[in-house]
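Enquirer: Chains as they are written, first to last, in my numbering: chain C, 4 to 115; chain D, 50 to 162.
Possibly wrong hints are sitting among the right ones.
[What the hints assert, rightly or not] Derived lysine-lysine pairs resembling BS3-like cross-links, with alpha carbons at most 30 Å apart:
1) C:K30 <-> D:K126
2) D:K161 <-> D:K126
3) D:K117 <-> C:K30
4) D:K161 <-> D:K117
5) D:K105 <-> D:K117
6) C:K30 <-> D:K109
7) D:K126 <-> C:K47
8) D:K109 <-> C:K65
Worth flagging that the hints you see were computed from the coordinates, not collected in a lab.
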Amino acid sequence: NAGVMQNPRHLVRRRGQEARLRCSPMKGHSHVYWYRQLPEEGLKFMVYLQKENIIDESGMPKERFSAEFPKEGPSILRIQQVVRGDSAAYFCASSPPTNEQYFGPGTRLTVT
Amino acid sequence: GDSVTQMEGPVTLSEEACLTINCTYTATGYPSLFWYVQYPGEGLQLLLKATKADDKGSNKGFEATYRKETTSFHLEKGSVQVSDSAVYFCALSDRTNAGKSTFGDGTTLTVKP
């Protein structure tokens with residue numbers, strides 16, 4: 004059973020461009036979570052999704068950030084018009100109906 | 050809201066020394082508690098967990114006991130190795146809060162030979 008997959012592992016964008024981060028949950032997992040880790044800091048919750056539904060987006064910045072988890076395909080975290088402060092590692096986790104989460108390797112976004 | 054406070058680092062130990070990383074939490078519901086480990090350049094790996102009071106999680110020589118009376122989940126290991134050098138995160142997940150996890154800020158452990 005493959006683990007949580009994220010791609011790309013590293014992403015470089017210039018200021019003002021869009022960043023798209025993908026997350027494929029573990030097989031059989033219907034819950035997806037996105038977290039952001041700024042340098043030298045812990046993980047901060049961003050959004051919790053189930054298939055075709057956003058359950059909790061209380062950690063998402065109000066502008067430029069959006070997330071989806073379609074019926075088919077991976078979950079996408081989209082950042083529009085990136086700024087330098089968006090540079091961070093973005094981790095996806097998935098879980099079954101129990102609350103143990105399994106993390107992907109992360110996408111490291113660098114905004115130049 | 051939920052919160053996790055863990056011992057500030059960095060922590061530097063010699064090989065075979067004893068390790069304790071303190072973690073305390075606040076939660077409105079009945080959380081499960083976790084320790085995750087992050088090696089350089091990698092994602093988080095679940096190290097151990099406990100789902101109810103007095104449970105002890107253990108893995109790879111690490112242990113932590115869910116103490117409801119002190120709202121704590123301290124991580125311990127009797128004899129650390131150089132390969133244990135990593136960042137350790139304490140976390141809780143609360144079913145009454147949509148199951149999302151709340152993390153501490155992490156403690157960096159360096160073990161010297």
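Enquirer: Would you list, in rising numerical order, the hints stated earlier that this structure does not obey?
Expert: The structure breaks hints 1, 3, 4, 8; every other hint is satisfied.
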